[in-house]
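Position chain B with the ligands against the provided structure of chain A, taking the given hints into account.
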Amino acid sequence: MGLDLDFTQFFPSIPYIIDGIWVTLSIVAVAALLGLSLGIILSLLKIGNIKILRWLADAYTSIFRGTPLVLQLMIVYYGLPQMLGVDIPAYMAAVIAFGLNSSAYVSEIIRAGIQAVDKGQKEAAEALGISYKPMMKDIILPQAMKNILPALMNEWITLTKESAIVTVIGVMDIMRRAYVVGGEKFAFFEPLIIAGVIYYLMVMVLTLLGKALERRMKRSD
Amino acid sequence: MINVENLHKTFGELEVLKDISTTIDAGEVVTIVGPSGSGKSTFLRCMNQLEEPTKGKILVDGADITDPSTNINEVRENIGMVFQHFHLFPHLSVLNNLTYAPINVKGVAKKDAEELAHKLLKQVGLADKANEYPNRLSGGQKQRVAIARALAMEPKAMLFDEPTSALDPEMVKEVLQVMKSLTETGMTMAVVTHEMNFAREVADRVLFLDEGKLVEDAPPSEFFTAPKTERAKDFLDKML
Ligand SMILES: Nc1ncnc2c1ncn2[C@@H]1O[C@H](COP(=O)(O)OP(=O)(O)OP(=O)(O)O)[C@@H](O)[C@H]1O
Ligand SMILES: [Mg+2]
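Taken in sequence, the protein lines are chains A and B. Heads up, the first sequence is in UniProt numbering, so the first residue is 1 and it goes up one at a time. Heads up, the second sequence is in UniProt numbering, so the first residue is 1 and it goes up one at a time.
Chain A on its own, in the form it takes in the complex (with noise of 0.2 angstroms):
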């Protein structure tokens, strides 16, 4: 024992690893655009007058959040198909699992991001006969954006991390690629820090993107 790393032994075994590149990004991607857009219901649901459904969507928030999203996971990849009687694919449990729970929080964000806007705006709106959509397009929400869009970049970057979790589905992303190099040279260290440097990147570059869009957004008030 003792600290006898060795790097170079992996390095054929980098493009390898650096493949799960794209299937944890196309994991994230996909999954963030389901969340989105359930986020965005969910959230339409919350802020509307109908109780029982602002209870529903207050409910499913709560699930997601409250327990853990391996469990979410695994629950989609093993559970759902024993009801459906159906196998589902690895990727598109992991897209599933991910794009659900990613919506809950979406949908809290939202929400937020909304309610954050002075109050005298809806009433000015209303005063001047703007009606319930135009006035949520046109005046509300491009002020919530503000509030939203950073919020959704820092949700982003977490589901980017917390994506290394299909490894125990098997989906053969960055996280498994790292594990699956480590096990055939019996040393896990050099590739799971290879692993976590790409991580670290992929985080780097989207906190940037996010920090650009806010300059920007700051710039045109």
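Quick caveat, the hints were computed from the structure, so don't treat them as lab data. Be aware that one or more of the hints could be misleading.
[To be verified] Under the rule of at most 27 angstroms between Cα atoms (straight-line distance), these lysine-lysine pairs were calculated in the DSSO-like manner:
id	chain 1	residue 1	chain 2	residue 2
1	B	Lys110	A	Lys122
2	A	Lys146	B	Lys129
3	A	Lys51	B	Lys55
4	B	Lys156	A	Lys122
5	A	Lys119	B	Lys106
6	B	Lys106	A	Lys137
7	B	Lys110	A	Lys137
8	A	Lys137	B	Lys111
9	B	Lys129	A	Lys137
10	B	Lys129	A	Lys122
11	A	Lys133	B	Lys156
12	B	Lys156	A	Lys119
13	B	Lys106	A	Lys122
14	A	Lys122	B	Lys57
15	B	Lys55	A	Lys119
16	A	Lys122	B	Lys55
17	A	Lys119	B	Lys129
18	A	Lys133	B	Lys111
19	B	Lys106	A	Lys133
20	A	Lys133	B	Lys110
Small disclaimer: the values here were computed from a predicted structure and weren't measured.
For chain B with the ligands alone, kept in the frame of chain A given last:
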């Protein structure tokens, strides 16, 4: 123009307006005064349904706005409102603040809406601010834009809720000046204000609210020189 009949408003247990009846005729300028918490804002906000009356009727141009079958947005097109804190749309330029509702609510052509907007900005002394954003304006300028925004809908009546209360003293005058010139155009106006001089000079009638009741309804010459109730006397002693 605006008929208020036996208006009541409660917030939960709190009875804020108690059986208010009055009429504001077309072209009339009415100021609403009274102590803080007496229900002035609530009363004003009932007139365009920003607050829903608990009981009673409000007729605007004959349309009962308390009737659920009345299209409230159509009524609101004809009643402009100016708020204490302006509530300009911060993400829209001054020009677009003025043209958004005419274009999107009334279906006015963009060119015509902009023409009217420029005319109104000139009228409130802000012709050079059309392309500015609201956060670059002073309080007094913001309030004048807000007045112009309401006027851009070419309303038949205007409601003002303490339009000068959030302003630095040196800016109060410019806003009152704009309102005064508006009275000269024959606009129907209901103005909640603490500016007693404004009430005395330009109002046709003064409504005095106290604890949710309309206790005086008189021309300023009467109200300021010979108030009928003790409450009004007390109030005037404090204000003047
Ligand atoms: N949305 C609301 N919910 C509950 N109570 C309210 C609400 N709006 C106003 N009130 C209460 O109703 C009463 C009258 O309020 P209102 O704002 O109409 O008074 P006002 O005469 O305009 O006072 P001010 O001069 O301070 O503006 C107050 O006691 C206030 O606390
Ligand atoms: Mg008030």
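Which of the numbered hints are not met once you compare them with the structure shown?
none
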